[in-house]
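Colleague: So you can see what is in the structure, the chains are spelled out below.
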Amino acid sequence: MNGNPAGGVSVMPSPGAAAPLRLKVEQASYAYSATDRSAPKFTLAPTSFNAQQREIVAILGPNASGKSTLLRLLAGLTKPLSGRIEIDGAEASELDLRTRAQRIALVQQESELLFPLRVWEYVLQGRYPYGRRLRFESGEDCLMAGNALSQVGADGLGERWMDQLSGGEKQRVILARALAQQPSLLLLDEPTQHLDIGGKVELLRRLRKLADENRYTVVVVTHELNLAAEFSDRIVLLHKGKCLRVGTPAEVYEGPLLEEVFQAPLEVETRMSGRPRVILRGSH
Amino acid sequence: MRPLTPRRIILICAGLTGVLLIVVLIALRMGAYSISIQDIAMTLFRGALGRRDEILPDFWNVVFEIRLPRILLGILVGASLAVAGAGFQALLRNPLADPYVLGVSSGAALGAIVSLVIAPRTPGAIQVAAFVGAALTVAAVYFLGRRGGQLDSATLLLAGIVMASFLSAAIMFLITTLSGHDLLRGMAFWLMGDLASPPPTRDVLEWFGFLFFVFVIAAGAIYTTSSDLNLILSGEQEARHLGVNVNRVKLVVYISASILTGLAVSVSGAIGYVGLLVPHVMRMIFGTDYRLLIPTSVIGGAIAIVLADTLARTVMGPTELPVGAMTALAGAPVFIYLMRRRVR
Numbered sequence: 001m002n003g004n005p006a007g008g009v010s011v012m013p014s015p016g017a018a019a020p021l022r023l024k025v026e027q028a029s030y031a032y033s034a035t036d037r038s039a040p041k042f043t044l045a046p047t048s049f050n051a052q053q054r055e056i057v058a059i060l061g062p063n064a065s066g067k068s069t070l071l072r073l074l075a076g077l078t079k080p081l082s083g084r085i086e087i088d089g090a091e092a093s094e095l096d097l098r099t100r101a102q103r104i105a106l107v108q109q110e111s112e113l114l115f116p117l118r119v120w121e122y123v124l125q126g127r128y129p130y131g132r133r134l135r136f137e138s139g140e141d142c143l144m145a146g147n148a149l150s151q152v153g154a155d156g157l158g159e160r161w162m163d164q165l166s167g168g169e170k171q172r173v174i175l176a177r178a179l180a181q182q183p184s185l186l187l188l189d190e191p192t193q194h195l196d197i198g199g200k201v202e203l204l205r206r207l208r209k210l211a212d213e214n215r216y217t218v219v220v221v222t223h224e225l226n227l228a229a230e231f232s233d234r235i236v237l238l239h240k241g242k243c244l245r246v247g248t249p250a251e252v253y254e255g256p257l258l259e260e261v262f263q264a265p266l267e268v269e270t271r272m273s274g275r276p277r278v279i280l281r282g283s284h
Numbered sequence: 285m286r287p288l289t290p291r292r293i294i295l296i297c298a299g300l301t302g303v304l305l306i307v308v309l310i311a312l313r314m315g316a317y318s319i320s321i322q323d324i325a326m327t328l329f330r331g332a333l334g335r336r337d338e339i340l341p342d343f344w345n346v347v348f349e350i351r352l353p354r355i356l357l358g359i360l361v362g363a364s365l366a367v368a369g370a371g372f373q374a375l376l377r378n379p380l381a382d383p384y385v386l387g388v389s390s391g392a393a394l395g396a397i398v399s400l401v402i403a404p405r406t407p408g409a410i411q412v413a414a415f416v417g418a419a420l421t422v423a424a425v426y427f428l429g430r431r432g433g434q435l436d437s438a439t440l441l442l443a444g445i446v447m448a449s450f451l452s453a454a455i456m457f458l459i460t461t462l463s464g465h466d467l468l469r470g471m472a473f474w475l476m477g478d479l480a481s482p483p484p485t486r487d488v489l490e491w492f493g494f495l496f497f498v499f500v501i502a503a504g505a506i507y508t509t510s511s512d513l514n515l516i517l518s519g520e521q522e523a524r525h526l527g528v529n530v531n532r533v534k535l536v537v538y539i540s541a542s543i544l545t546g547l548a549v550s551v552s553g554a555i556g557y558v559g560l561l562v563p564h565v566m567r568m569i570f571g572t573d574y575r576l577l578i579p580t581s582v583i584g585g586a587i588a589i590v591l592a593d594t595l596a597r598t599v600m601g602p603t604e605l606p607v608g609a610m611t612a613l614a615g616a617p618v619f620i621y622l623m624r625r626r627v628r
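Those protein sequence lines, which keep their order, are chains A and B.
Heads up, the first sequence stops at 284 in my numbering, and the numbers go up one at a time, no gaps.
Heads up, the second sequence stops at 628 in my numbering, and the numbers go up one at a time, no gaps.
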C-alpha cells in the first residue's frame, strides 16, 4: 500500500493508532468519453490514499485536473475503471443507494429549488435514506435535523425560506442536510466557492470541529491552497488526471512543484506551527 | 419543525371531500329541469337502497341518467388531469408543465379523428382510438426524450413539444383533406374538451368501474413515489446522493401520468388548465410536499371540473358550452395571477 505508482508518499497511520481505516482508495482509476466508442476525453490515472476518522483530506489541483471525478468516485456515484474504493471496508459503488446515502454525504454547489421550501424541510430531506417509501418523519428524524442545524450554528434559521438566505447561511444549511444523513464520510465539492474570506475560515473551522468531535472523515475539493494547508491532515495533489503527491501539507507543498502544477509564481514558506504557507512571488 | 403526518393529510382531505360533496349537490341541483335539494337527497337515498320503484321517473332520469354520470366523469377526469399535471411538473422540473405538454392530447385527438373517418358509427371506437393515439405518442416521445439511456427532463420536454406541434399539423392536414366529413363538432370536442358525450357502453357502472380502476392504479403508482419526487424537485443530482433511484422514479411517473392523461383525454377531450393550475393552487394553500399535494390535487381537480361543467351547462342555458371553454375562461386569469405573483 505504500508504493504509490504516481510517485506519491502514502501516509500511513502511526503504528500505535488502532483506529480502522475509514476510507481506502486503492489504485482507483477512471476514464470517460463522449460516446461509448470514442477515445476517452479524460482519464484519471490510478490513485491511492487512505483516511481515518477525524481526518480532513483536501484534494487540490488546477481546473480539469480530475478533482471532481475523484470526488464522484469517492461518493460511489460512478464505479472506478480499475482499483477499489472502500468505505468502512465496503466497496463504495456497490452499496445499495440508501445504505450509501447513510454512509456518504456529498455536498455540491446548490442547485436551484423549483418551489419554495423552508429550511427545516430542506434539512429533513437528509433523513430520506433512513425512511421507508412513504414514511413520515419521526420524532427522531426531527431531533437529528435539529441537531444538524445547531452543529452548523443555524438553529435560528429553521423557519426561514431557503431562497431568503445569504450565501453563507445557505452553505451552512446545505451542510446541515448532509450532517442529518449521519454519514461517516463527508464529501464537499468546492464548498468555499461563493463565500467571503470570513465565511471560508468559519466553514473550515466548523469542518475541523465536526471531524474532531463527531469522528467524520472529511474530504474537501478546493482551490484554497492556504486554507487547505491550515486545516487539513492530508493533501491529495492532482494534475492533468494524475495523482502527483499524497501526504501532509508540509510533504506536498514544495515551491517548484506547486509552481509547475498551478502555472503561477508561487513560493512556500514554513510557519511556526510547522504548516506551510503559499505566497505569490512579487515579480510579475 | 412541523413534519407532515398522515393525520394531517386525512384531515385536509376530509375537508376537501366535504367541499366536493357540496359542489356535487350543487351540480345535481342546477340545470334546465329544476329539482329541489330534498328531492335530490331522497332520490339518491332511495336509489342507493335499490328502491327504484319509489322514485319518480323524471327524478330518476335527471339524477341517475343525466347528471350523476356526467358528474362522475368530471370527477374522474379532473382528478386524473390534476395528478398527471403534478407528476409532469416534477418529472420535467418545470412549473409550467401540464398533462398535454408532451403531446399526449394531440396524439389522442389524431387517433380520434382517424377513427371518426374510418369507423364513425362503431361505439367505443373513438375512445379506443384516442387511447391508442395517446399511447403511441407517449412511446415515441419516450424514445426521443432519452439521453444516454436515461430520461432527461430538458430533452423530454423538447421532444414532447416537437411531437405536439407535428401532430397538430397532421390533424389540420386531415381536416382540410377530409372536409366532406362532418368533423367540426368532433374537432371542437377534441380541442376544447367536453363531458357531454355518453359512455360508449350500455353498462354505465361497469364502464366507470373500469375507468376508476385504471385511475387508482396509476395515481397510486405516482403516490408511492411522492417522497422521492420531493427530493427530485430540489435537485436531481442531490436526490441521487440522498439515495433516490431517480431513473426508476422518472419511469414510473412518466408512464403513470401518461396513462392518466390518455384516460382523461380519451373520454373527454383535451380539457385545459385543470392539470396546470390545480397543483399550483394546492401548493399555494397546502405547501409543496407531494405526499399531501397528490391527494389534495385529486380532490381539487374533481372540484374544479365539476364546478366548471356546472357553469358550462347553465350560464348560457339551455345552450351548453364545452367545459374546456369554461376552464380556459376561468383558468387563464388565475394563471396570469399566479405567474405575476411568482415574479415578486
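Since the hints were derived computationally from the structure, they do not count as laboratory data.
Yeah, the Cβ is synthetic: ideal placement off N, Cα and C, and Gly gets one too.
Just so you know, not all the hints are guaranteed correct.
What the hints assert, rightly or not - Just a few of them, taken from the derived set where beta-carbon distance is under 7 Å, the chain A residues facing chain B:
#, residue
1, Arg98
2, Ala101
3, Leu114
4, Pro129
5, Glu137
Colleague: All hints, please: hold or fail.
Modeller: Status of the hints after comparison with the structure:
no.: 1; hint: Arg98; in the structure: holds, 4 Å
no.: 2; hint: Ala101; in the structure: holds, 3 Å
no.: 3; hint: Leu114; in the structure: holds, 5 Å
no.: 4; hint: Pro129; in the structure: holds, 4 Å
no.: 5; hint: Glu137; in the structure: holds, 4 Å
Consistency note: the structure conflicts with none of the earlier hints.
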